[in-house]
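Taking the hints into account, I'd like the entire structure generated from these sequences.
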Amino acid sequence: MIQPLRYGYVDTTGKTIIQPQFYGAEPFSEGLAVVQLNGHYD
Numbered sequence: 113m114i115q116p117l118r119y120g121y122v123d124t125t126g127k128t129i130i131q132p133q134f135y136g137a138e139p140f141s142e143g144l145a146v147v148q149l150n151g152h153y154d
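With the numbering used here, letter number 10 in the sequence shown gets 122, and the count goes up by one each step, no holes.
Just so you know, not all the hints are guaranteed correct.
[As the list claims (entries may be wrong)] So the derived label-pair ranges between C-beta atoms look like this:
1) L149 with V122: 15 to 23 Å
2) N150 with T128: 15 to 23 Å
3) V146 with P116: 13 to 21 Å
4) D154 with L117: 14 to 22 Å
5) G151 with T125: 31 to 39 Å
6) T124 with N150: 28 to 36 Å
7) T124 with G151: 26 to 34 Å
8) T125 with H152: 26 to 34 Å
Rather than coming from a laboratory, the hints here were simulated on the basis of the structure.
Idealized CB from N, CA, C, for every residue including glycine.
Here is the structure:
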């Protein structure tokens with residue numbers, strides 16, 4: 113079974129903050145980040 117690559121977020125120490133669950137993810141800006149989930153960008 114092949115699973116598509118998913119993105120999450122880590123802090124500056126490498127600790128996972130948000131588990132990989134997004135098909136696309138942009139960097140945080142002013143505390144917010146654009147992510148792609150289920151074919152939609154939120």
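Hints versus structure:
1. Checked against the given bound of 15 to 23 Å, the beta carbons of L149 and V122, roughly 18 Å apart, stay inside it.
2. Checked against the hint of 15 to 23 Å, the C-beta distance between N150 and T128 comes to roughly 21 Å, which is consistent with it.
3. Under the hint 13 to 21 Å, the C-beta atoms of V146 and P116, about 18 Å apart, fit the expected range.
4. Separation of D154 from L117 is about 18 Å and conforms to the stated range, judged on CB atoms against 14 to 22 Å.
5. Between G151 and T125 the CB atoms are about 32 Å apart, so this pair conforms to the stated range of 31 to 39 Å.
6. Checked against the hint of 28 to 36 Å, the pair T124 and N150 passes, with Cβ atoms roughly 29 Å apart.
7. The given range of 26 to 34 Å is respected by T124 and G151, whose C-beta atoms sit roughly 31 Å from each other.
8. Distance hint check for T125 and H152: the Cβ-Cβ separation is about 31 Å, which falls inside the suggested range of 26 to 34 Å.
Checked against the numbered hints listed earlier, the structure breaks none of them; every hint is satisfied.
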